[in-house]
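Novice: Turn these sequences into a full structure, and let the hints steer you where they fit.
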Amino acid sequence: GQNIDQPTEMTATEGAIVQINCTYQTSGFNGLFWYQQHAGEAPTFLSYNVLDGLEEKGRFSSFLSRSKGYSYLLLKELQMKDSASYLCAVRGDDYKLSFGAGTTVTVRA
Amino acid sequence: ETGVTQTPRHLVMGMTNKKSLKCEQHLGHNAMYWYKQSAKKPLELMFVYSLEERVENNSVPSRFSPECPNSSHLFLHLHTLQPEDSALYLCASSQGRGTGDEKLFFGSGTQLSVL
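If you're matching them up, the sequences are chains A and B in order.
Counting in the working numbering, the first sequence runs from 1 upward without gaps.
Counting in the working numbering, the second sequence runs from 1001 upward without gaps.
What you were told as hints is all true, and nothing was included just to trick you.
Derived list of chain A stretches under chain B, where covered just means 3 residues or more per stretch with a C-beta under 8 angstroms from a C-beta of chain B:
hint, stretch
1, 25-33
2, 43-55
3, 94-106
Rough simulated footprint, nothing fancy, chain A against chain B, three-plus residues with beta-carbon under 8 angstroms:
hint, stretch
4, 1035-1045
5, 1095-1101
6, 1104-1110
Calculated lysine-lysine pairs in the BS3-like style (CA-CA distance at most 30 angstroms, straight line):
hint, chain 1, residue 1, chain 2, residue 2
7, A, 96, B, 1019
8, A, 81, B, 1041
9, A, 68, B, 1041
10, A, 76, B, 1103
11, A, 68, B, 1103
12, A, 76, B, 1040
13, A, 96, A, 68
14, B, 1040, B, 1022
15, B, 1041, A, 57
16, B, 1040, A, 96
17, B, 1022, A, 96
Read the hints as simulated data drawn from the structure, not as lab findings.
Think of the CB as a built atom: it goes at the ideal place given N, C-alpha and C, for glycine as much as any other residue.
Specialist: Below, the structure is given as structure tokens:
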């Protein structure tokens, strides 16, 4: 089966940096996604990694190490609106997305 | 606005009721999905439709019955549900079956409570 682990909750201060880790054990690998989900809203796509390394998109960056089965999402210059749940998802050999349980990030003033 | 609309946003039903969840996508996508999201648990894939044909049924109980009349609409018919079926039901769509960097576009979900 697919196993994807990420911390349940994280808290950080406005303006700070937070790193959300995701480790996975899956049958094959065809890419890793990060989604953001605000309470009561649809999950929205943040990033995609298929090769090792860092992908940067403004204040958000995502890193992948396939050999370690590891990814992280880095949120810089945190803003109150970044308070949300962040979902890590891996596409396996069957091309289905398997999701982690999500990490709830709370940004405090 | 993700281009995927779900109705109703909230639904309370008894165990003997029959209700339906509706999903519509305005993105011209060919694949549509139903996911179940329970608190503190990973999203669970329930059904996948590709070009209106069901291609995935993830061991879902028969009290959940999907219907895809065309590539833009997806329904989830519910009957004789159990309290443990209370969850957020998310609909999603993608251009194809999900290869490469194809991402899912989600609706805001239907929060279902079974009494």
